[in-house]
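Protein chains in written order, with my numbering: chain A, 499 to 1230; chain B, 1051 to 1419.
It should be emphasised that the hints constitute simulated quantities derived from the structure, not laboratory data.
Glycine included, every Cβ here is placed at the ideal spot set by N, Cα and C.
One or more of the hints may lead you astray.
Going by beta-carbon spacing under 7 Å, a handful of chain B positions derived as facing chain A [said to hold, decoys possible]:
| hint | residue |
| --- | --- |
| 1 | 1122 |
| 2 | 1123 |
| 3 | 1135 |
Which bits of chain A does chain B cover? Going by a derived footprint, with three or more residues having C-beta under 8 Å, they are [said to hold, decoys possible]:
| hint | segment |
| --- | --- |
| 4 | 1112-1125 |
| 5 | 1130-1140 |
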Amino acid sequence: MVQRLLVVVCLVTVALGCATHAQRPAGEVMIWHAYRGSEKDALEQVVEVIQASDPTLHIRLLALPFDAYASKLESAIPRGHGPDLFIDAHERLGGYLERGLVMPVDDLALDPARNFEPAVLDALRSGDRLYGLPLAVKCLALYVNTTLVTTMPTTLEQIEALRPRLASDQYPLAYSAADSYFHAALAHAYGSGLLDGATGQYRFVGPAAIASVERVRAMLAARTIPDEADAALVSRMFAHGRAATVISGPWLAAELASTMSYRVVPLPRVASAGGTAMVPYSTIEAVYLSARVTDHDAAARVLRSLAGIHGARVRAVVGRQVVAHRGAWSDPMLATDSFLSAFREAARRAVPMPTHRAMRVAFESASRALRRAFRGDAHVSAALLQGQRRFSDATRSEPPRRSPTLALLALGVLALALSVRGVQRARDPLVRLALRRSWPAWRWVLHAAVVLFALVVAPLFVGAVMSLYAGREGSEHYVGLAHYVDILSARGGALLATGSFYRVLAVTILWTLANVALHVGLGVALALLLARPLLRLRGVYRVLLIVPWAVPSYVTALAWKGMFHRQFGAINALLGHVGVDPIAWFSRFATAFAANLATNAWLGFPFMMVVTLGALAAIPKDVYEAAAVDGATPWQQFTRITVPLLGPSLAPAVVMGAVWTFNQFNVIFLVSGGEPDGETDTLITEAYRWAFTRQAQYGYAAAYAVLIFGILVTSTNALGRLAERVRQRGVT
Amino acid sequence: MASLTLRALRKQLGSQPILRGVDLDLRDGEFAVLVGPSGCGKSTLLRTVAGLEEPDSGSVRIGDRDVTRAAPRDRDVAMVFQSYALYPHLTVRENLSFGMRLRNEAPSTMASRVADVTSMLGLGDLLERYPRQLSGGQRQRVAMGRAIARRPALFLFDEPLSNLDAALRAQVRVEIRRMHDQLGATMVYVTHDQIEAMTLADRLVVLHAGSIEQQGAPLEVYRRPATQFVAGFLGSPAMNFVPARVSSDGQRIEAQGASVAAGPEHAGACEPGRDVILGVRPHDVRMGTVMGTAIEFVVDLVEAMGSEAFAHGTVGGVPFVARIELRVGTLAPRRGDVLPMWVAPESVHLFDPPSGHSLARTDRGANGG
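Okay, chain B solo, but in the shape it has when bound:
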């Protein structure tokens, strides 16, 4: 097990920049999840750590070794691929022991490790089968087993759950977390799915257009997004953004159809009359009126999910989504209904329109960890 240090990694494909100077420090045993939209460079970053791609500049250190130019086989990493990449002509047992056989491990070591992995992942019945005889979930487990059997310093996961159905995804997600806890290994996990990101990570790293927008504990990043992008990426349905302005007394944020009190973190950051972007999560609005905060929400349509319902509409003409409760016996809001809503000052997010940076004052830096 080892730590991972990335410094100023840059990579360009032709004239297109893929990685724009990435810095990352992972402690030994940490589980980092790289999350971001398609094309943000997360897979490239992972493959650079694995050694399957070379950066144009910058360095990669695993433990205390500089492996920037080292071949994959010299880095002591193991990777679980999105497409599993099992060896089609080998049985499951041979797949699991492939890496060990390459290093001429003793047969007893190989046997015991294969047994360990088999029991950990429940592969007992599958050992003599070929990959083509396995289901998607089984293949994924074999791929993970292959990585585990190597006992590497670093585990890398490249969107391993994307090819599985929803139920299986949830199941394997839990297994991965359990695996991490059992092995205590350093893991880097790439995904575009924020639920995986939120539930698996010790440290969440949000990537956007080749650079890290924010990293930190998942809840921290969720609650205190450093940029508008991060705020809008995490959370589903996404945060609502309404253009607004700071009131003349600096205490309130005012927009068309909305007037909320600024939160304690915003005190001092708001100059009167400053243009801001008001961010409110759908889950944070409440129906009703509370002194000092008023949002006029015009309903367009209501999505009832069973346990909760989301109303889609507008606030001051700007699209807005709000979570509402549907009480038994009452009617659902109809199109055109105007609902009064309020939001607590702690749940108010403010962003600077041109840069997208959060205007919250924090004790730690926006990019802190």
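One chain only, chain A, in its complex shape:
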């Protein structure tokens, strides 16, 4: 009785809480942001000042983690419990507009043209209306290590000329050359680009693009830049004085020691491209007005103050932001800050990133093309054309809308049949008796069943239904089985082309078989070694051998990825000692697959080892003695007794291991990343890419997921039955 009362009280409290949460009193303004560190402090300070100057306002700030920020906004605002104002990058404006999450701000009696650069404001416009006020601008610039370089370089050629003056383990320049976000700056210098923001046309093909890529290849060959450099490597190199200059954004400063002497200058010009400057993309952080604002007036007042000159000053000084407000820069403190001024100058020369929704796909396709070109196994023009093909493929229009009548009809018939059957069974007195008898058991199990249903079964259903729809969120339409047809017909291309379902399936099956074989082989061998009673330090070895299992898989994956780096990785260093040339692990399918395999083998063998140890302990010792007396050599004992008796215990473990390996995401995604060119992608990483890197094609990805589920269910069933038969043989 008391328990039930407690449950009711809890439910009522929650309901009340939800209710109150939805309403907001007048004068209250809720602001969401994703700032951390000094930027967060600066924002809080600005808000305090605004609050102090206008006591009728009640401002609340909420900091959210960056990864979930967009999706939280998208789900909260339509339901009425989102913020009144929020701060976000300009490139997401397109999506927010589509979903109707923001309101125009140009009727709030502001004078934006006076305080902000026209280019910056344009990035926040759509169809003549302004939707947000700019707060700060971020872009790439050139960091120069003043200990290594005395005169600030203004051209790329001057940077290249630093090569002879540096040691062999130092580089004139370091940056993520294969990241299209960085390469865009160079492409712009040659007159090319990634995407036409207005039309959505892919631009990274043609002579200008080729020239930009050839330029980077020349730099790689001349050892001007290191290869396979990612952001972490770049910042490490700069921090340790191994790179004279690097291209990075304002975020790098936070990772450098205060004792380091460096200067920031805008990106250099490229003399061989006609003297044009490298033009990076800029991201404009703006404050937006939510379409479901509670108190419009109060919010407008806060908006003005946030983007105003006083706020800008605080944000610049405390938060180290390159503020967009022109007036703030006349402040002597800001004017003399070389870091901020340099980035401001760089921002002036930058071009706002296009807000077209195909931008992400353009980035992915261009990055892929770059990686291919730098690997050198294709002509540059071929690699870029391949990139364009990928872009068109990924931005292909959705399947046409279909009528769901047939499906609904079928569903209706099925529902009818099931309910008829249900009624029939309910009439059966035996069934009624059985139900009545089992009801007490259900009471114990019901809550767990409900939770499982909600967390496991319901999402499965939702996913399956989602796979029958296409289109972006908010404008989905029913397409029937079009996605499945697409996938199973390899999108109209060759059945075994890269990216085709069948090729990925073949890779996944090969991946699963190879891994299970290695896991079982290693695990059983090590267990046999550990089972010898004479082995000293057995306990120590056992613990050491369990460690791979205990370390989180993504940590392992990243560590191994680092080890396989062509230039700085441990594996190539070891191979170098035995006289083997450094291998570019991720440039060929065989070696990239081997790298993934090595990592996953390391991760997976402890499980098999532990299962085998247990199984070995269960084999009675006198069976071995009987075999010895019967005339069996140790090897014969192994093959005729150990192996057959291990089988039943290993069989279920192998089935489980096969399923886990089939679905292994972390290793494939983090170690090889699907390289080269998606050849080592498995079904699950491919599905991920369709959902999250290619224009949010959730329906397509859901269809992939349903197919994976189907494959796994059928094969597990078959495997399971085989395993059961093996298991039966050995039960004593």
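Got chain A sorted already, so can you dock chain B onto it with the hints?
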């Protein structure tokens, strides 16, 4: 078939001695039973013969081969384990032919031998079953069949009947004896059960604390135990031991509440006034009085077994068990009753208190065979 010779076998586990110099000679075709209490080393001895354990010193010869350091598979022995140790993943037929398959025997040989064993042990219905589908007795027979199918030089049995119930034990015991007679094989059988020992052995070997106390034909060992230990181990209920003294004329053994005549084997071995241990089996006392022998037995309680009855009590304060007859129509003795009893001089055993050795003079040595 072969003989077995063990010489000076010693084995130690850490600082604990398990075998203290064991010598044994078995003729071809003999059935030897190693019997003794738990921890006496009989299983270790058997496993040493099998090759599953290595002795610290000494030698093992099977036939005329020295196999002391040879692996089990090179010794041509077959062993029947206490826990049967059947191969759980193989059928009965495959279990029986396992050893032959290892040696790549011809299929015809394998088939005929399996058929032989099957008919000998009545395994006909069980050939396609797995060990887990068999009862204890059936498993034991399969284990024996597996040993027989190998046609080894030497059969070893490690307490094979301990896991069976009493009725089954009796049945399989007979089968083992019959098997031995049929095959004429040399067999070494380890048990702690004296009934098995007495009924199965050609030669009975009594082990105690790692060494052989006595060996010989079962009845011989029973009737003429060489030591107090052997006397007390064989026979159930156990022999009664009463501290006594030789009379001044050397003819009688006298204890509190007992006075018996010394037997002919003891003549000459008894010095007057010598302290001895008087041993009398419960089955050897008779009720009544006979001239020259008197035992005063004070009853404590009576166990009636149906065919016979055992009275537990004391003689001169020392615990004593006596077999009595309960005649129909007479009352059973009650607590506190004093019954006069006598024992024939031939059934009197005398032991030297400090060493436990028998004081009987025999033509053969105490450890003879």
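Inset, instruction - State the violated hints by number, sorted upward, taking the hints as numbered earlier in the document. - result: Violated hints: none; all satisfied.
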